[in-house]
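Chains as they are written, first to last, in our numbering: chain A, 1 to 673; chain B, 1 to 372.
Incorrect hints may have been included.
Label pairs and their in silico Cβ distance ranges [as the list claims (entries may be wrong)]:
#, chain 1, residue 1, chain 2, residue 2, range
1, B, N255, A, Q211, 38 to 48 Å
2, A, K189, B, P206, 35 to 45 Å
3, B, M24, A, G26, 15 to 25 Å
4, B, A149, A, M49, 40 to 50 Å
5, B, P258, A, E48, 16 to 26 Å
6, A, E48, B, A27, 20 to 30 Å
7, A, E48, B, L198, 13 to 23 Å
Every beta carbon over 12 Å from chain A, so not counted as near; a handful from chain B, in silico [stated by the list, open to error]:
#, residue
8, P8
9, V54
10, E103
11, A196
Simulated from the structure, these hints should not be mistaken for laboratory data. Backbone N, C-alpha and C define an ideal beta-carbon position, used for all residues, glycine too.
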Amino acid sequence: MDRKLTSNSLKQTFDRRSFVVGSIQGGIGLLLAARMGYIAVAENEKYEMEAESNRVNLTLIPPRRGWILDRNGSPLASNRADFRVDIIPERLENADATVELLGDLLEFSEPEKADLRDRLEESRGFAAVPVANGLDYEKFAAVSVRIPELPGVIPQRGYSRFYPTGASVGHLIGYVGTPSREEYDEDPKPLLLTPGFKLGKDGIEKQFEQQLRGEPGARRVEVTASGRIVRDLETREDVQGNAVQLTIDGPLQDYAARRIGLESGSVVVMDCETGELLCMASMPSFDPNSFSDGIGRVEFAMLRDNDRVPLRNKTLKGLYPPGSTVKPMHAMAFMHEGVSPDEAIMCNGGRRIGNRFFNCWSNHGRVDMAKAVYQSCDSYFYHFAQQVGFDKVARFAHQFGLGEEFDLPVASQFYGTVPDPEWKLEKYGSEWQPYDTVNASIGQGYYLASPLQLAVMSARIATGFAVTPSLIKPDTAPKFASMNYRPDEIAYIRQAMSDVVNGPGTAGRARLPLEDVLLAGKTGTAQVVSLSVSDGRSGPWRYRDHGLFVFFAPFDKPRYAGAVVIEHGGGSGAAYPVARDVMTFLLDPQKGLEALHALEEQWGGTAQERLDRQYQAYASAAGVDLPPAPPPVTLSEQVDAEARAAYSGPEQADSTVFSPRDEANPRAEDTTT
Amino acid sequence: MRGAVSLPAPIAQFPWRVVIPLTMLVAFGAAVLHSAAGGSFSPYAGSHLLRFGVFLIVALVMSYFPEDWARFVAIPGYIAILLLLMAVEAVGQLGGGSQRWLELGFIRLQPSELMKPGIVLILAAFYHSLPVGMIGSWRALLVPAGLLAVPMGLVLLQPDLGTSLAIAFGGVVVMFLAGIPQKWFIGGGLAAVCAAPLAYFFGLQPYQQQRVLTFLDPASDPQGSGYHIIQSKIAIGSGGLSGKGFGEGSQSQLNYLPEPHTDFVFATMAEEWGLIGGLFVLLVFGIVLRWGLLTARDAKTRFSRLLAGGMTATIFFYVAVNLMMVMGLAPVVGIPLPFMSHGGSSMMTNMLCVGALMMVERWNRQSTSAGL
Numbered sequence: 001m002d003r004k005l006t007s008n009s010l011k012q013t014f015d016r017r018s019f020v021v022g023s024i025q026g027g028i029g030l031l032l033a034a035r036m037g038y039i040a041v042a043e044n045e046k047y048e049m050e051a052e053s054n055r056v057n058l059t060l061i062p063p064r065r066g067w068i069l070d071r072n073g074s075p076l077a078s079n080r081a082d083f084r085v086d087i088i089p090e091r092l093e094n095a096d097a098t099v100e101l102l103g104d105l106l107e108f109s110e111p112e113k114a115d116l117r118d119r120l121e122e123s124r125g126f127a128a129v130p131v132a133n134g135l136d137y138e139k140f141a142a143v144s145v146r147i148p149e150l151p152g153v154i155p156q157r158g159y160s161r162f163y164p165t166g167a168s169v170g171h172l173i174g175y176v177g178t179p180s181r182e183e184y185d186e187d188p189k190p191l192l193l194t195p196g197f198k199l200g201k202d203g204i205e206k207q208f209e210q211q212l213r214g215e216p217g218a219r220r221v222e223v224t225a226s227g228r229i230v231r232d233l234e235t236r237e238d239v240q241g242n243a244v245q246l247t248i249d250g251p252l253q254d255y256a257a258r259r260i261g262l263e264s265g266s267v268v269v270m271d272c273e274t275g276e277l278l279c280m281a282s283m284p285s286f287d288p289n290s291f292s293d294g295i296g297r298v299e300f301a302m303l304r305d306n307d308r309v310p311l312r313n314k315t316l317k318g319l320y321p322p323g324s325t326v327k328p329m330h331a332m333a334f335m336h337e338g339v340s341p342d343e344a345i346m347c348n349g350g351r352r353i354g355n356r357f358f359n360c361w362s363n364h365g366r367v368d369m370a371k372a373v374y375q376s377c378d379s380y381f382y383h384f385a386q387q388v389g390f391d392k393v394a395r396f397a398h399q400f401g402l403g404e405e406f407d408l409p410v411a412s413q414f415y416g417t418v419p420d421p422e423w424k425l426e427k428y429g430s431e432w433q434p435y436d437t438v439n440a441s442i443g444q445g446y447y448l449a450s451p452l453q454l455a456v457m458s459a460r461i462a463t464g465f466a467v468t469p470s471l472i473k474p475d476t477a478p479k480f481a482s483m484n485y486r487p488d489e490i491a492y493i494r495q496a497m498s499d500v501v502n503g504p505g506t507a508g509r510a511r512l513p514l515e516d517v518l519l520a521g522k523t524g525t526a527q528v529v530s531l532s533v534s535d536g537r538s539g540p541w542r543y544r545d546h547g548l549f550v551f552f553a554p555f556d557k558p559r560y561a562g563a564v565v566i567e568h569g570g571g572s573g574a575a576y577p578v579a580r581d582v583m584t585f586l587l588d589p590q591k592g593l594e595a596l597h598a599l600e601e602q603w604g605g606t607a608q609e610r611l612d613r614q615y616q617a618y619a620s621a622a623g624v625d626l627p628p629a630p631p632p633v634t635l636s637e638q639v640d641a642e643a644r645a646a647y648s649g650p651e652q653a654d655s656t657v658f659s660p661r662d663e664a665n666p667r668a669e670d671t672t673t
Numbered sequence: 001m002r003g004a005v006s007l008p009a010p011i012a013q014f015p016w017r018v019v020i021p022l023t024m025l026v027a028f029g030a031a032v033l034h035s036a037a038g039g040s041f042s043p044y045a046g047s048h049l050l051r052f053g054v055f056l057i058v059a060l061v062m063s064y065f066p067e068d069w070a071r072f073v074a075i076p077g078y079i080a081i082l083l084l085l086m087a088v089e090a091v092g093q094l095g096g097g098s099q100r101w102l103e104l105g106f107i108r109l110q111p112s113e114l115m116k117p118g119i120v121l122i123l124a125a126f127y128h129s130l131p132v133g134m135i136g137s138w139r140a141l142l143v144p145a146g147l148l149a150v151p152m153g154l155v156l157l158q159p160d161l162g163t164s165l166a167i168a169f170g171g172v173v174v175m176f177l178a179g180i181p182q183k184w185f186i187g188g189g190l191a192a193v194c195a196a197p198l199a200y201f202f203g204l205q206p207y208q209q210q211r212v213l214t215f216l217d218p219a220s221d222p223q224g225s226g227y228h229i230i231q232s233k234i235a236i237g238s239g240g241l242s243g244k245g246f247g248e249g250s251q252s253q254l255n256y257l258p259e260p261h262t263d264f265v266f267a268t269m270a271e272e273w274g275l276i277g278g279l280f281v282l283l284v285f286g287i288v289l290r291w292g293l294l295t296a297r298d299a300k301t302r303f304s305r306l307l308a309g310g311m312t313a314t315i316f317f318y319v320a321v322n323l324m325m326v327m328g329l330a331p332v333v334g335i336p337l338p339f340m341s342h343g344g345s346s347m348m349t350n351m352l353c354v355g356a357l358m359m360v361e362r363w364n365r366q367s368t369s370a371g372l
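Produce the complete structure using the sequences and hints provided.
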């Protein structure tokens, strides 16, 4: 470099350096061109896909659920088009403000807002929380126009599940609800996260979930970055789920549920020839329509606080001492073990077994098998159970369906207890005693059965075939195996059971108000607490005796069989009028309805009307200070647990001797009503 | 001056070489802005064309100023802009928040923009007046460094990293072209490498640190600050060779692309016009910058040489940083693309630079004809 700087050398430096600057600029220009070529050409495919996934939003359309039909094809569960609003919690920006605004738009009350807040808090973020459905168009539109202020809120048109007979089918059909996290983990499909999608949570809805679900539709829309829909691109229609046809007779189910009235109980009716269950009513119940929307805290508290356990399906999970209803079955067992029907004993108001005297509920004098059944004489059964041996009788009880589970599409059924020496030794570690035979011979002691089992027992006694119940309409009529009873044995018991109703028996008021059909049956009164606590008929509700009745009709050519159990009804007198009216309705609907309408007038409306009124009263009394309702999925399980604990039997072997109560005797009572 | 013989002097002397490409670029920019506004001249495209028209006249008027005026205006201009910068700071302090502009009633003036050509002017004037022999002395380094540091500091206080870097770049290029010894640049470069981590940890605001991190790995925060770069690359990449068609760019039309009319206008353009549109824009900038550098090399005086070189560098800095940013080669700094982005300040600054270049070109021609 020149030591001496001149203006000329500076010009040279400038030229040199400006050339460097120009080269760098040109280089950067080329670099940019190359970079752009790389992005736009070499990586074009990748970025085109990303632009496409930005632009196009795929939303699933929840499929319409398949209908649940009764045996005649009428819907027990259908779908109703409606406007609904859901919230996706993880898209919320300000939960409280959103709830406030949304609550105002939808005219929510304070407890309803509190409910929504609780459900949002407990939600898992990704799954939609239902806010409201069945909205009218004005409210729906009011929410829709405010959507820019309500991120995470999704108003949409959809379908909601509709159960036309409401509470009558609650336990049987179950209900639907938004999938829980556990359900999603088990079956991780995007459909389960779609707002508005519901799956079966209980009953038939849960058991036939896959069949009822259907195929989701899909809607491709062009959306802006803020989620506003610009236009529809294409829509694939959903495929509705398949219908499930039950053996249930919808009107009969509804009738039976309503006929239970103010009582807590259950009615099971089945077809003797096919085993098809025509009716499985359990009351009081819940309204599956409101469960399916996500139950509110007031309603849940009301159901939980009710001592009549409206959340338990009593036909399957109510276990009761069968009482005298097992007597015809025990009589058949004696006959098959060689006891002649004509063989008689003397009932002197009781019977000495071993070295102790056991009471009968009355003094029946000379008693043969038929009289023992229609007059429900305890002494007769004490004597012959002791003579035959209860381990043998217990085997017959199992043959007739007690202590058994049936192959039915239900979440759970309790199988109860048929006590025998082996069972007692295993469970309590103590030997079988004569008083155990005495208690068991009249269906007390450790004996426990569900209404369904009692109905099956009744059908098997009536036909002599091993009838098994079914809930889904089969394509071909099933063939049942004969239980190998002689026709004269069966005819003898049929006649004796007919005499219970139509002869000199304990249930004269159960006689059908029809000329050509005779009902056969057997009463039962199941004791809940010992005589020293309560007489079983008055006093606190929960100390009263259960009333039971098993039946079939027509008595000589049985077509229908069933069982009625009225919890704490104060004896069998509470049960058989229900059976009578249900059978009357089945054979002559008009006559049955007249009886029901008269009763409902006394009770103050139908079951649904009373439930609604009860809800109003409860809500106004309780106000807002109620604990929140648990998510729907745990409802049935909670109740199951309680029920199982209540029916697992006494902790220690029960060594008390049962003292029988009066069987209802219509001859001694007024025969009106 | 061959080929111009047959034309009348005002037409022949009109700076066609820059006005034609610039007009094409601005018109193209207006088309892109029209699309970015959802197919409408308002609010972007119309005002964009209007501003170009106004500032083109300003630039042409400027080009008639003699060299003496320009040199004379350098020092008072520099001081005036410094005062405006301090005024911005004062108003910002009083207002209780930071701001970058002064509300003058009829115009919203951003003094930091004026400083970009201003610093080039003052440094060119300084080196012009510096005796030739002193170019290797400390004075040739320290005085410009001081002139540079004061406005940079004021702008950094606003805080506006992008503009202060633009000021620094223009100033440093002028110093480089002025011929101060190379060792200072090498030393300064090494010092910058060492100072960079320190500056990152102590000099940058948290949001600026985040931007640097995001630039290094955009996928780390796809919903946050990485969003800009990712969406911009998607827009450019999905455009392909020939683009999606005018008004058909889903990234910009559906608001996935942030700032589709200002900083990311190039991505908006590339999505709809593809690589072909991108190469056209690069070509026009190439023509304009080459014209700027050639003007500088043809310049007869030291002042005009440095002035033209610095102005070219200032325009170049805008273009390069903006394009590197939208293509994911540089962190997100708020620097618009000259002549295409919607915005009055950027149009004003760049047209002042172009005006200065046209002025130098005219001086060149005058001295050539005078010399003949």
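Against the structure, the hints come out as follows:
Restraint check, N255 of chain B to Q211 of chain A: a C-beta distance of roughly 44 Å satisfies the suggested window 38 to 48 Å. The supplied range of 35 to 45 Å is met by K189 of chain A and P206 of chain B, whose beta-carbon atoms lie about 42 Å from each other. Taking 15 to 25 Å as the suggested C-beta distance range, the pair M24 of chain B and G26 of chain A conforms, at roughly 21 Å. Distance hint check: the CB atoms of A149 of chain B and M49 of chain A are about 49 Å apart, consistent with the given range 40 to 50 Å.
At roughly 20 Å, the beta-carbon separation of P258 of chain B and E48 of chain A lies within the given 16 to 26 Å, and the hint holds. Separation of E48 of chain A from A27 of chain B is about 28 Å and conforms to the stated range, judged on CB atoms against 20 to 30 Å. Distance hint check for E48 of chain A and L198 of chain B: the Cβ-Cβ separation is about 43 Å, which falls outside the suggested range of 13 to 23 Å. Under the 12 Å C-beta cut-off, the non-interface status given to P8 of chain B relative to chain A holds; the minimum distance is some 33 Å.
The Cβ of V54 of chain B sits about 28 Å from the closest Cβ of chain A, beyond the 12 Å cut-off, so the non-interface label holds. No Cβ of chain A approaches the Cβ of E103 of chain B within 12 Å, the least distance being about 31 Å, so the stated non-interface status holds. No beta-carbon of chain A comes within 12 Å of the beta-carbon of A196 of chain B; the shortest separation is about 20 Å.
Of the hints listed earlier, the one the structure fails to meet is number 7.
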